[in-house]
Amino acid sequence: EPEVTQTPSHQVTQMGQEVILRCVPISNHLYFYWYRQILGQKVEFLVSFYNNEISEKSEIFDDQFSVERPDGSNFTLKIRSTKLEDSAMYFCASSEVLAYEQYFGPGTRLTVT
Amino acid sequence: QKEVEQDPGPLSVPEGAIVSLNCTYSNSAFQYFMWYRQYSRKGPELLMYTYSSGNKEDGRFTAQVDKSSKYISLFIRDSQPSDSATYLCAMSEGSGGSNYKLTFGKGTLLTVNP
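Chains as they are written, first to last, in our numbering: chain A, 1 to 113; chain B, 1 to 114.
If we strip away everything but chain A, and leave its shape as in the complex, we get:
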């Protein structure tokens, strides 16, 4: 069964460093998302991406964040200058035509020290 994959599974970085989190969505899916989950808190929407552009972003997704689909299979989230409060699980999700039917990857645990 096709699934969303994410790399790395765990990333440790120092405050102020740039990180890139990578995702390979399900191959025939058209909509791509990033969510995050701070330990013990809700899963929160960050950004949605369709037709090679951002379709919606949350207040969390400020100028420090960017997304890119560099080729036909990868979808990346970049954080330019990490802060301690960026420490969280970051989930990539994708969906086909029914955009509310979203399938999540296993997540990347980001630890900022």
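It is worth saying that the hints were derived from the structure and are not from the lab.
There could be a bad hint or two in this list.
For each label pair, taking beta carbons as the anchor points, the in silico distance ranges come out as [what the hints assert, rightly or not]:
hint, chain 1, residue 1, chain 2, residue 2, range
1, A, Gln11, B, Arg77, 15 to 25 Å
2, B, Gly59, A, Glu96, 20 to 30 Å
3, A, Met15, B, Arg60, 39 to 49 Å
4, A, Glu96, B, Glu3, 37 to 47 Å
5, B, Ile18, A, Asp71, 42 to 52 Å
6, A, Gln41, B, Ser69, 35 to 45 Å
7, A, Thr13, B, Arg60, 25 to 35 Å
8, A, Thr111, B, Asn22, 28 to 38 Å
9, A, Ser73, B, Ser69, 21 to 31 Å
10, B, Asn55, A, Arg80, 39 to 49 Å
As the structure is a prediction and not an experimental result, all values here were calculated from the model.
Each residue gets a CB set at the ideal place from its N, CA and C atoms; glycine is no exception.
With chain A's structure known, arrange chain B on it following the hints.
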């Protein structure tokens, strides 16, 4: 008022019990309602989704939506120890274009004891 509220539990039941999980919401624009299961330190796994009000059944799982009360439920029949996980409700306006972002509840931690 929080947009989606869900009792975090924990909820502990014996094997074979019927489990009822619930969420309330305040945004009347929500039209699509999902239930996800999340094991510890893993990604959410889509269990079921429903559109607008009504019931949907899939094996041991039944999802109910009551839009007039802004209340959704997930019932698990004949619960198994393998059902032990955190159950997240999620909702979307889904009115086209960009409105497919999911708004999640905090999740209910369920333990089914053998």
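Against the structure, the hints come out as follows:
no.: 1; hint: A:Gln11 to B:Arg77: 15 to 25 Å; in the structure: violated (41 Å)
no.: 2; hint: B:Gly59 to A:Glu96: 20 to 30 Å; in the structure: holds (22 Å)
no.: 3; hint: A:Met15 to B:Arg60: 39 to 49 Å; in the structure: holds (46 Å)
no.: 4; hint: A:Glu96 to B:Glu3: 37 to 47 Å; in the structure: violated (26 Å)
no.: 5; hint: B:Ile18 to A:Asp71: 42 to 52 Å; in the structure: holds (48 Å)
no.: 6; hint: A:Gln41 to B:Ser69: 35 to 45 Å; in the structure: violated (26 Å)
no.: 7; hint: A:Thr13 to B:Arg60: 25 to 35 Å; in the structure: violated (42 Å)
no.: 8; hint: A:Thr111 to B:Asn22: 28 to 38 Å; in the structure: holds (34 Å)
no.: 9; hint: A:Ser73 to B:Ser69: 21 to 31 Å; in the structure: violated (43 Å)
no.: 10; hint: B:Asn55 to A:Arg80: 39 to 49 Å; in the structure: holds (47 Å)
Checked against the numbered hints given earlier, the structure breaks hints 1, 4, 6, 7 and 9 and satisfies all the rest.
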